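Participant: Residues per chain, in single letters:
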Amino acid sequence: MDDKKLSIILFSGEYDKAMAALILANSAREMNITVNIFFAFWGLSLIRDPARMSMDDKSAFEKMFGLVAPKGPEDLPLSKMNFAGLGKVMLKEMMEDHDTPDLTAFLKGAQKKGVNFYACKLSVEVMGYKLEEFLPDVKEQTANEYLADALEADIQLFI
Amino acid sequence: MDDKKLSIILFSGEYDKAMAALILANSAREMNITVNIFFAFWGLSLIRDPARMSMDDKSAFEKMFGLVAPKGPEDLPLSKMNFAGLGKVMLKEMMEDHDTPDLTAFLKGAQKKGVNFYACKLSVEVMGYKLEEFLPDVKEQTANEYLADALEADIQLFI
Amino acid sequence: MDDKKLSIILFSGEYDKAMAALILANSAREMNITVNIFFAFWGLSLIRDPARMSMDDKSAFEKMFGLVAPKGPEDLPLSKMNFAGLGKVMLKEMMEDHDTPDLTAFLKGAQKKGVNFYACKLSVEVMGYKLEEFLPDVKEQTANEYLADALEADIQLFI
Numbered sequence: 002m003d004d005k006k007l008s009i010i011l012f013s014g015e016y017d018k019a020m021a022a023l024i025l026a027n028s029a030r031e032m033n034i035t036v037n038i039f040f041a042f043w044g045l046s047l048i049r050d051p052a053r054m055s056m057d058d059k060s061a062f063e064k065m066f067g068l069v070a071p072k073g074p075e076d077l078p079l080s081k082m083n084f085a086g087l088g089k090v091m092l093k094e095m096m097e098d099h100d101t102p103d104l105t106a107f108l109k110g111a112q113k114k115g116v117n118f119y120a121c122k123l124s125v126e127v128m129g130y131k132l133e134e135f136l137p138d139v140k141e142q143t144a145n146e147y148l149a150d151a152l153e154a155d156i157q158l159f160i
Numbered sequence: 002m003d004d005k006k007l008s009i010i011l012f013s014g015e016y017d018k019a020m021a022a023l024i025l026a027n028s029a030r031e032m033n034i035t036v037n038i039f040f041a042f043w044g045l046s047l048i049r050d051p052a053r054m055s056m057d058d059k060s061a062f063e064k065m066f067g068l069v070a071p072k073g074p075e076d077l078p079l080s081k082m083n084f085a086g087l088g089k090v091m092l093k094e095m096m097e098d099h100d101t102p103d104l105t106a107f108l109k110g111a112q113k114k115g116v117n118f119y120a121c122k123l124s125v126e127v128m129g130y131k132l133e134e135f136l137p138d139v140k141e142q143t144a145n146e147y148l149a150d151a152l153e154a155d156i157q158l159f160i
Numbered sequence: 002m003d004d005k006k007l008s009i010i011l012f013s014g015e016y017d018k019a020m021a022a023l024i025l026a027n028s029a030r031e032m033n034i035t036v037n038i039f040f041a042f043w044g045l046s047l048i049r050d051p052a053r054m055s056m057d058d059k060s061a062f063e064k065m066f067g068l069v070a071p072k073g074p075e076d077l078p079l080s081k082m083n084f085a086g087l088g089k090v091m092l093k094e095m096m097e098d099h100d101t102p103d104l105t106a107f108l109k110g111a112q113k114k115g116v117n118f119y120a121c122k123l124s125v126e127v128m129g130y131k132l133e134e135f136l137p138d139v140k141e142q143t144a145n146e147y148l149a150d151a152l153e154a155d156i157q158l159f160i
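Chains as they are written, first to last, in this note's numbering: chain X, 2 to 160; chain D, 2 to 160; chain W, 2 to 160.
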């Protein structure tokens, strides 16, 4: 299915939703489907590289934001933080019991399998991030570029 | 429109989002569109059958999870639980005033109209559910199977 | 790309998600893509016109709901209200620093650029809204009409 394409906007910065996006991305790559993920707004948290974060040339707000925003995959909150009193610890424990890899493993899998990572240019600017703070293989894309790309995809999802 | 297909991932376990998914599914069936819903993560709560829940062969975590997770459609929380101080009771009251069926009615309608229900295999495993605990007509699907199916759909939504 | 179409369901009534929907809508119009937004449930808050709200012929519940629901774009909450202790004020401040227009500006841009606004008929009824309370160019659409329309779109998103 080399001519098929999956286009995902990852807007959410939550552990479980990021997991869903990455499981779909990895599964699609196993089927040789081209996968593009466009990280926007909170979704950018997933691709920040803790080793490359910087405080240079940032406004006070941006510095504050950079410090409190999640620092990489395992730092993301659950979308249902208090869902029935269960937290991320419990979900991760259950995943471990079933030998399911964690978010970092799915992220690394996606990189290795050739999922294309795009950071939404406007979100990067508004949030005061710098492209250098993201994982090495992240490219920048405008909303127009995302749309041109999504128009050619067979499946488009907003997560 | 027998040759058209709507593919929904229901990831959310919230009353109002499940309602949106089922209204779209029922409307599509009225137009003879084929409808597949892939229930993943929290979305699985919608298709648990209270009469068929079991505690056998479950780990301590799975038992705890099974007990606190919503037990069927009317037990789901609102996505905006505290939205402007309004709760599910109020929304349901307003729906009743306008003769709008509740979630259970939409779920039964979807079953009767032939909407295809698929439980995400990985989510079922991680959450410690068993296929026998779901509504009778629920089948299991892997992420690969969902994708193969969604590639052929005319509309794909992540809810 | 006059023959291309983007179809968005805006179900969410949150500032950041509405922003994402409108940025995509505006960007698509710049590329001459036809854009239809189907406002459902909480998404209807975005297109309420504060100057045209009415309390006539409403039930007690509907009046209460009308009073507490957000009154136009800038009144919407953030989807991550307490995300890392950051509120909407901070996000808006950061947007201002980067000369990014606010939600109202994006909404006006979408109207000017010819984005088609549709209010979900069932949601309007359940929430006790009246078509006259919305922005002047909002039309009503049933779920069936939305689906017929989305079937012909090249990109469909649920936000």
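To be clear, the hints were calculated from the coordinates, so they are not data collected in a lab.
Where hints are given, some of them may not hold.
Because identical chains share one entry, a pair is satisfied inside a single copy or across any pair of copies.
BS3-like cross-link-like pairs, simulated, lysine-lysine; straight-line CA separation at most 25 Å [to be verified]:
{"#": "1", "residue 1": "64", "residue 2": "109"}
{"#": "2", "residue 1": "59", "residue 2": "113"}
{"#": "3", "residue 1": "89", "residue 2": "131"}
{"#": "4", "residue 1": "5", "residue 2": "89"}
{"#": "5", "residue 1": "114", "residue 2": "59"}
{"#": "6", "residue 1": "89", "residue 2": "6"}
{"#": "7", "residue 1": "72", "residue 2": "89"}
{"#": "8", "residue 1": "131", "residue 2": "6"}
{"#": "9", "residue 1": "5", "residue 2": "59"}
{"#": "10", "residue 1": "93", "residue 2": "59"}
{"#": "11", "residue 1": "122", "residue 2": "140"}
{"#": "12", "residue 1": "114", "residue 2": "64"}
{"#": "13", "residue 1": "93", "residue 2": "64"}
{"#": "14", "residue 1": "131", "residue 2": "64"}
{"#": "15", "residue 1": "6", "residue 2": "72"}
{"#": "16", "residue 1": "93", "residue 2": "122"}
{"#": "17", "residue 1": "131", "residue 2": "5"}
{"#": "18", "residue 1": "89", "residue 2": "140"}
{"#": "19", "residue 1": "109", "residue 2": "122"}
{"#": "20", "residue 1": "6", "residue 2": "64"}
{"#": "21", "residue 1": "59", "residue 2": "6"}
{"#": "22", "residue 1": "93", "residue 2": "6"}
{"#": "23", "residue 1": "140", "residue 2": "114"}
{"#": "24", "residue 1": "5", "residue 2": "64"}
{"#": "25", "residue 1": "122", "residue 2": "89"}
{"#": "26", "residue 1": "59", "residue 2": "109"}
Predicted model, so just to flag it, every value in this text is computed and none were measured.
Participant: How would you classify residue 59 and residue 6 at a CA-CA limit of 25 Å: within, between, both, or neither?
Facilitator: Close neither inside one copy (37 Å) nor across copies (39 Å); limit 25 Å.
Participant: Up to 25 Å between alpha-carbons, please classify residue 140 paired with residue 114: within, between, both or neither.
Facilitator: Cα proximity of residue 140 and residue 114: one copy only (16 Å, versus 29 Å across).
Participant: Are the CA atoms of residue 59 and residue 113 at most 25 Å apart within a copy, between copies, both, or neither?
Facilitator: Intra 32 Å, inter 34 Å, cutoff 25 Å: neither.
Participant: With 25 Å as the alpha-carbon cut-off, assign the pair residue 89 and residue 131 to within, between, both or neither.
Facilitator: Cα proximity of residue 89 and residue 131: across copies only (22 Å, versus 29 Å in one copy).
Participant: Quick one: residue 114 to residue 64, C-alpha cut-off 25 Å, is that within a copy, between copies, both, or neither?
Facilitator: neither (33 Å within a copy, 36 Å between copies)
Participant: Give the relationship of residue 131 and residue 6 under a CA distance limit of 25 Å: within one copy only, between copies only, both, or neither.
Facilitator: neither (28 Å within a copy, 33 Å between copies)
Participant: Between copies, within a copy, both or neither: which fits residue 93 and residue 64 at Cα up to 25 Å?
Facilitator: The answer is between: 16 Å across copies meets 25 Å, while 30 Å in one copy does not.
Participant: Given a CA cutoff of 25 Å, do residue 93 and residue 59 count as a within-copy pair, a between-copy pair, both, or neither?
Facilitator: Only across copies: residue 93 and residue 59 sit 16 Å apart there, 35 Å inside one copy, limit 25 Å.
Participant: Between the shortest in-copy and the shortest cross-copy C-alpha distance, which are at most 25 Å for residue 5 and residue 64: within, between, both, or neither?
Facilitator: Answer is neither: 41 Å inside a copy and 41 Å across each miss the 25 Å cutoff.
Participant: Within a copy, between copies, both or neither: which one fits residue 109 and residue 122 at a CA-CA cutoff of 25 Å?
Facilitator: Close inside one copy (23 Å) and across copies (22 Å); limit 25 Å.
Participant: Could you place residue 89 and residue 6 in one of the four classes (within, between, both, neither) given a Cα distance threshold of 25 Å?
Facilitator: neither (32 Å within a copy, 35 Å between copies)
Participant: Given a CA cutoff of 25 Å, do residue 122 and residue 89 count as a within-copy pair, a between-copy pair, both, or neither?
Facilitator: Between copies only: 20 Å across chains, 30 Å inside a chain, cut-off 25 Å.
When the structure is compared with the earlier hints, violations turn up for hints 1, 2, 4, 5, 6, 8, 9, 12, 15, 17, 18, 20, 21, 22, 24 and 26 and for no others.
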